[in-house]
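**Q** Here the protein sequences come in this chain order: E and L. Sequential numbering from 223 applies to the first sequence in the working numbering. Sequential numbering from 232 applies to the second sequence in the working numbering.
For the record, the hints were derived by calculation from the structure and aren't laboratory data. The beta carbon of each residue, even a glycine, is placed where N, CA and C say it ideally should be. Among these hints, one or two may not hold up.
Only pairs whose alpha carbons sit at most 20 Å apart, straight line, appear in this in silico EDC-like list of lysine to aspartate or glutamate [stated by the list, open to error]:
(1) L:K243 <-> E:D303
(2) E:K270 <-> L:E296
(3) L:K309 <-> L:D286
(4) L:K243 <-> L:E253
(5) L:K239 <-> L:E253
(6) E:K270 <-> L:E292
(7) L:K299 <-> L:D286
(8) L:K301 <-> L:D286
(9) E:K270 <-> L:D286
(10) L:K238 <-> L:E253
(11) L:K309 <-> L:E296
Away from chain L, derived, C-beta distances all over 10 Å, residues of chain E [unchecked claim]:
(12) G256
(13) W277
(14) L283
(15) W291
(16) V305
(17) K306
(18) P307
(19) L310
(20) L313
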Amino acid sequence: MKRLVVGAHYGLRDWLAQRVTAVIMALYTVIMAGVFLSNAPFTYSAWKALFAQGWMRVATLLFAVSLAWHAWVGMRDILMDYVKPDGLRLLLRIGVLLLLAAYVGWTIQILWR
Amino acid sequence: MASASAKKIRPKYLSLPALLFEIRMPVAAVVSITHRISGALLLFPFAAWLLFMLDTSLHSEQGFEYVKTKYLGLTLVKLGLLLFIWAFCHHLCAGIRHLFLDVDIGGDLKPARLTGWIVIAAGLALTAVFGARIW
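Excised from the complex, chain L in its bound form (with noise of 0.2 Å):
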């Protein structure tokens, strides 16, 4: 006993390349981390992106017009689109699952690991529709 805790370094501080490369992280811990980057990257920049487009999009015709051919036109603003589409989806359906887990349903190891390969492949299935419809 006394050489096996010799050998090892305890405690371990997980570093970010530790994290990235070295170990695998579970789903759930997948779905969790991808749940905070997603809402913070909803508040900024993408609410106020989607706020400037509603903005000008009510503004005037010419707003309207120029947001719908032009602007959506662009594929840098296609791409940073679909990149708001997945984090919307990807964050609203982690949610739906972290609100079960809050009432202690699908708390298990089964259940989560399913319902987080889920709630991924939701997401990415929604990005796929609604990103269909502005290509």
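Looking at chain E on its own, in the form it has when it is part of the complex (with noise of 0.2 Å):
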């Protein structure tokens, strides 16, 4: 016999967002290493220009709404982990996504000014 046990899939969908945006993060990671690391003198106007391109605000903003995303799965974890009491619990995690709005909408202000 076949039986749905559960029928939100959110764990599921959780744990691959989870793992798609690490990936995309560290693909972004690896074009802001290389930022840092190369030995092109870092001026106003270097740095400038790099966030004015188009694809590096897109990249930056997709960066943003990865951590979003990868934040939450991870905090809700530790405070499903930590956290007993369901009052407080209900507080952080609320907490936790003003905090990641706020990040996003910070990010796009930075980005579009």
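Dock the two chains into a complex; use the hints.
**A** Written as structure tokens, this is what we have:
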């Protein structure tokens, strides 16, 4: 007999999302590591020009959104494991969500000013 | 058998002092808990701190020069940045190890211990490389 134990699939979806977003952030890290380790002089005009490019803005936004999703899953796991009182856990989860939303908003503000 | 079970209290719940001082955690456990701690630190305060520096450095030429020469010249800032670099590199390395474990590579005791040590060493080595760059 086939029986569906859970219907929402959120366990698999979050597990997969955490890994996909991790790979996206790792690829962005390679770009930034290249920038910081290159011997080109680190000037304002070069820094400004880097973030003025369309692909860099999109990549950075993609990084911020990936970070938000990735950290949401991770913090949810941590809070589930260590914070037992329901009220406090709910409060901390809301805090994490607000913080992540603020980060994404701030990133957009920095990139498209 | 009866006397043996009477001597020890079971189940034994591990308190934080017990975890820190009484038992020796295997290297995989150390990598696991530091993966969590570094992840939490990256979310807060480090992500906010980096956004602040990105904001200031992209805002104007004065802001860029301030961050580059004055702000990053402070010892406390450098130490904080060093801690960030370690948290990031360690989290990244531990994450790569985790992805391999997900697809059943390196899950046996011996390779799992070896890669655990590699993750710790690689995190510290990368911190040294990028740390040398800011110092």
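**Q** State for each hint whether it applies.
**A** Hint-by-hint comparison with the structure:
1. Note on K243 (chain L) and D303 (chain E): the hinted pairing holds, with a Cα-Cα distance of about 18 Å set against a maximum of 20 Å.
2. The suggested pairing of K270 (chain E) with E296 (chain L) holds, with an alpha-carbon distance near 12 Å, which does not exceed 20 Å.
3. Proposed proximity of K309 (chain L) and D286 (chain L) is supported: the alpha carbons are some 18 Å apart, at most 20 Å.
4. The hinted pair formed by K243 (chain L) and E253 (chain L) meets the criterion: a straight-line CA distance of about 13 Å does not exceed 20 Å.
5. A threshold of 20 Å between alpha carbons decides the hint, and for K239 (chain L) with E253 (chain L) the separation of about 16 Å falls inside it, so the pair holds.
6. A distance of roughly 9 Å separates the Cα atoms of K270 (chain E) and E292 (chain L); the hinted pair therefore holds under the 20 Å criterion.
7. Between the alpha carbons of K299 (chain L) and D286 (chain L) the distance comes to roughly 13 Å, so the proposed pair stays at or under 20 Å and holds.
8. A C-alpha spacing of about 16 Å is found between K301 (chain L) and D286 (chain L), which places the hinted pair at or below 20 Å, so the restraint holds.
9. The hinted pair formed by K270 (chain E) and D286 (chain L) meets the criterion: a straight-line CA distance of about 11 Å does not exceed 20 Å.
10. A distance of roughly 19 Å separates the Cα atoms of K238 (chain L) and E253 (chain L); the hinted pair therefore holds under the 20 Å criterion.
11. For the proposed pair K309 (chain L) and E296 (chain L), the alpha carbon gap of about 16 Å is at most 20 Å, so the pair holds.
12. With a cut of 10 Å on Cβ distances, G256 (chain E) stays outside the contact zone with chain L, its closest approach being about 12 Å.
13. Look at W277 (chain E): its CB is around 17 Å from the nearest CB on chain L, clear of 10 Å, so calling it non-interface holds up.
14. For L283 (chain E), the shortest C-beta to C-beta distance to chain L comes to about 13 Å, beyond the 10 Å cut-off, and the non-interface label holds.
15. Listed as a non-interface residue, W291 (chain E) keeps its Cβ farther than 10 Å from every Cβ of chain L; the least gap is roughly 12 Å.
16. Its beta-carbon lying about 12 Å from the closest one in chain L, V305 (chain E) satisfies the requirement of being farther than 10 Å from that chain.
17. With a least beta-carbon separation of about 13 Å from chain L, K306 (chain E) lies farther than 10 Å from that chain, consistent with its non-interface assignment.
18. Separation of P307 (chain E) from chain L is adequate, the least Cβ-Cβ distance of about 18 Å exceeding the 10 Å criterion.
19. Under the 10 Å C-beta cut-off, the non-interface status given to L310 (chain E) relative to chain L holds; the minimum distance is some 16 Å.
20. At roughly 15 Å from the closest C-beta of chain L, the C-beta of L313 (chain E) stays outside 10 Å, upholding its exclusion from the interface.
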